[in-house]
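Chains A and B, in that order, give the protein sequences.
Under this note's numbering, the first residue of the first sequence is numbered 24, with each subsequent residue one higher.
Under this note's numbering, the first residue of the second sequence is numbered 582, with each subsequent residue one higher.
No wet-lab data here; the hints were simulated from the structure.
Remember, predicted model here, so these are calculated numbers, not experimental data.
Among these hints, one or two may not hold up.
Stated by the list, open to error - Now the stretches of chain A that chain B is said to cover, found in silico as 3 or more residues with beta-carbon under 8 Å:
| # | stretch |
| --- | --- |
| 1 | 64 to 71 |
| 2 | 83 to 94 |
| 3 | 114 to 121 |
Unchecked claim - In silico lysine to aspartate or glutamate, DMTMM-like type, Cα no more than 25 Å apart, as pairs:
| # | chain 1 | residue 1 | chain 2 | residue 2 |
| --- | --- | --- | --- | --- |
| 4 | B | LYS607 | B | ASP664 |
| 5 | A | LYS43 | A | ASP111 |
| 6 | A | LYS64 | B | GLU636 |
| 7 | A | LYS87 | A | GLU45 |
| 8 | A | LYS64 | B | GLU634 |
| 9 | A | LYS37 | A | ASP88 |
| 10 | A | LYS64 | B | ASP664 |
| 11 | A | LYS37 | A | GLU75 |
| 12 | A | LYS78 | B | ASP588 |
| 13 | B | LYS650 | B | GLU596 |
| 14 | A | LYS89 | A | GLU45 |
| 15 | A | LYS87 | A | ASP50 |
| 16 | B | LYS607 | B | GLU596 |
| 17 | B | LYS651 | B | GLU634 |
| 18 | B | LYS607 | A | GLU45 |
As the list claims (entries may be wrong) - Some chain A residues well away from chain B (every beta-carbon gap over 12 Å; in silico):
| # | residue |
| --- | --- |
| 19 | GLN29 |
| 20 | LYS43 |
| 21 | THR54 |
| 22 | THR103 |
| 23 | HIS108 |
C-beta: ideal position from N, C-alpha, C; glycine also.
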Amino acid sequence: GAVVSQHPSRVICKSGTSVKIECRSLDFQATTMFWYRQFPKQSLMLMATSNEGSKATYEQGVEKDKFLINHASLTLSTLTVTSAHPEDSSFYICSAVGQGAYSNQPQHFGDGTRLSIL
Amino acid sequence: SQQGEEDPQALSIQEGENATMNCSYKTSINNLQWYRQNSGRGLVHLILIRSNEREKHSGRLRVTLDTSKKSSSLLITASRAADTASYFCATGGRDRGSTLGRLYFGRGTQLTVWP
Numbered sequence: 024g025a026v027v028s029q030h031p032s033r034v035i036c037k038s039g040t041s042v043k044i045e046c047r048s049l050d051f052q053a054t055t056m057f058w059y060r061q062f063p064k065q066s067l068m069l070m071a072t073s074n075e076g077s078k079a080t081y082e083q084g085v086e087k088d089k090f091l092i093n094h095a096s097l098t099l100s101t102l103t104v105t106s107a108h109p110e111d112s113s114f115y116i117c118s119a120v121g122q123g124a125y126s127n128q129p130q131h132f133g134d135g136t137r138l139s140i141l
Numbered sequence: 582s583q584q585g586e587e588d589p590q591a592l593s594i595q596e597g598e599n600a601t602m603n604c605s606y607k608t609s610i611n612n613l614q615w616y617r618q619n620s621g622r623g624l625v626h627l628i629l630i631r632s633n634e635r636e637k638h639s640g641r642l643r644v645t646l647d648t649s650k651k652s653s654s655l656l657i658t659a660s661r662a663a664d665t666a667s668y669f670c671a672t673g674g675r676d677r678g679s680t681l682g683r684l685y686f687g688r689g690t691q692l693t694v695w696p
C-alpha cells in the first residue's frame, strides 16, 4: 500500500520551456503533498507544501511564480516549472501523507523526476 | 536548524558485517524517521520511531532514539550488497510554526556494501 507515482521520470528540454510534473497517490488519499529538490549527493530541500484545495505554502527563497503547484484533488498534485533555465536542472521528488493524524506518519515518496534543461 | 545530521557521511563495509549510522538533531521532535534512497530513485520509508520510544526493530534494522542526547542510530545487521544506498534520517518537528507532517532531512550516509 501507500504507493506514489511520479511522472515523468525524466525530462530533457530546451531553455524557456515549461515543464509539468505530476504526483499521484495511487491507493490512498493524500491531504498533503510535499515537493522537494535534490542536488547530487545532497539532502532533500523542501520547496513547498501542498494541501488539497488550498494554495501551496512555499519555503523561503522558492519563487512562487517559477514553481507553480496545484493540488486539485486528494490524489493529484502537479508542479510546473515555468520558463525553465539550465539552473533549474535538478532532481525533483514529491511525497504524500495520508489523511488523519499525520504528525506521526511517514511520507510516501514518488520515484523522482530528473529535469535537464539544455 | 531543525535538520538532522548523519554520521558518517560515507560507510564502506563487506557483506555480512553490521552497518551503524548515527543521526543528531537540535530541536524537540514528535518522531524521527529513517529513509533509504537508491541512486536516482525516490526515498523509501524504513522506520518511524516516536519521541516516547527508545528502540524499534524491523527485520534486520534496529533503530534507537535518545532524546536526552538528541541522537538516533540505525543498525543494519548482516548487511547485503543490496543494502547499498543512501540513508537519511528525518525529524518531525513539534516546535510552534512547524508544518504538520513536515520532515527535516539530514545530508545522508552513503552506505556501500561489497560482495
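Fill in: Violated hints - listed by number, lowest first
2, 4, 6, 8, 11, 12, 13, 15, 16, 18, 19 and 21
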